[in-house]
Amino acid sequence: MTSRRYFWNRFFEKSLAVSAFVSIATLLGIFLLLAIHSWRAFERIGLGEFFSLNAWNPAAYDTPSYGIGALLLGTALTTLGATAIAAPIGVGMAFFLSEIAPLWLRNLLKPIVELMAAVPSVVMGFVGIVLVGPFLARVFGLPNGLNALNGSILLAFMALPTVISISEDVVQAVPRAYKEASYALGANRWETLTRVTLPACYSGLLAAIMLGVGRAIGETMTVLMATGNATAIPQGFFSSVRTITATVAIEMGEVPTGTTHYYALFACALVLFLITLTINFAAERVAARLRKRGQ
Amino acid sequence: MEKHLLQIEDLHLYAGSKHVLKGISMNIPEHQIIALIGPSGCGKTMLLRSINRMHDLNPDIRIEGRILFKGKNVLDRHTDPVQLRRQIGMVFQKPNPFPKSIFKNVEYGLKINGMRHSAHIRDAVENSLKQSHLWDEVKEELDKSALELSGGQQQRLCLARAIAVAPEVILLDEPCSALDPISTAKVEETLLELKQLFTIVIVTHNLQQARRIADQTAFMYLGELVEYGPTVQMFEQPQQELTYNYLHGHFG
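Read top to bottom, the protein sequences are chains A and B.
For the first sequence, the numbering used here gives the first residue as 1, with consecutive numbering after it.
For the second sequence, the numbering used here gives the first residue as 1, with consecutive numbering after it.
Keep in mind the hints are simulated off the structure, nothing from the lab.
Just so you know, nobody snuck in bad clues.
Distance condition first, Cα-Cα at most 20 Å in a straight line; then the derived EDC-like pairs of lysine to aspartate or glutamate:
| id | chain 1 | residue 1 | chain 2 | residue 2 |
| --- | --- | --- | --- | --- |
| 1 | B | K100 | B | E126 |
| 2 | B | K94 | A | E180 |
| 3 | B | K104 | A | E180 |
Part of the chain B face toward chain A, derived, beta carbon under 7 Å:
| id | residue |
| --- | --- |
| 4 | R85 |
| 5 | G109 |
| 6 | I112 |
Heads up, the beta-carbon is just placed ideally off N, CA and C, and yes, glycines get one too.
Work the whole structure out from these sequences, hints included.
Written out as structure tokens, the structure is:
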């Protein structure tokens, strides 16, 4: 009897260990795959050329060039725009949900916020083409609305569920004792919210925003459909841009295996991977510091 | 006849379907320390929190009866709880300084009460820290986080924060239950001095504390006020057998 129980205990212990190992091994495997293939690209192109503002024109007939500067700028522009839109709206919404909204409204809005995350990215791309694009074109008098701003707006929408739900957890975690102390001193609701609750959750909100950004950077289909995909160096939010993700998605299917172009796309993916890894890691550090302070 | 700053009249409190306070009536005279004692769950904290309308934050609580503060009913829905709490301050059981600097903890109440001039604020902060006997320990490091102070210091900071806004009444909910004896003695000494300026209502589990500092003591049991009178009389010749049994440790 005892030995059978011992066997099952060991069995579950081991299988959990195996699952944990599989996830780590997969992550490591992806990194190695990208790194090894990228290495060939760097060998042939050179790091200086790769990270330059030279044109991204790997399929040129005579002298192909492989500068990802414009693509990085495209990613940076759409992501920054998305953050600028999603951060205030997301944090504001989280405060509204947890501190201001009556219970019935909160119960109505929370599932809607969660549903926002369920919209497939290709559908968001449609929205960008048929709704946001024409709208931007008309409002700003542009020939078409497929530009960085369009991508930013859509990415903001897609980052919002992440930002809202994590921010809300952060706001809820502010000890009740702080709020009571504030009310007991004769503070009203607004004073308590802005001067006690908000400052108590700055770093948590930062983590929430960073995780939202991490989501926006990696997004592919939506930006591919909505930003116009010009590989020129972007001049601003009204420029058509092409992100790193869109570049890989567009070109990977057609590139001949083993060419410099083929390896250069792996290098693009590696750069993206390192950026999102850094952001998620940083967000995790901020959140961990917060948990430690909470105790 | 001494002046009654607070008059509680037939106060009933329900938490959900539970009848927690069952018709409490008591008068609280000015510039005295009133101790509320009784076993856990007797409703003394609930009574205390009714006085400054802290129950407003909890929709499950329903209160009937009247609490008159300077003749005006605190529980009337036309009474502004924000104004009320500026006149009736509170210190909680667990020290709860804000996660800000020592200075900013005291400054907060002053600012929301409209004090703008920084020199006035500095003076007021210094004064209240002196009144709560914390000044000498922290005057060199007012910018340090309040969370780095010891528990006893934090509680005296909370007291300083409460008195800085110059209320007329201070409510204390077992302020020393998390403190060591030396910190407790400091808080008690402070309270004895402060009754010149404020009326103090203190909930305590510590009978000796009530005996040491309170002018009046109220003994509550199962939501009712069993006995209320001068502390000396209460401890030496309790009128009720229940009070006698409680004070002599037969239950509680």
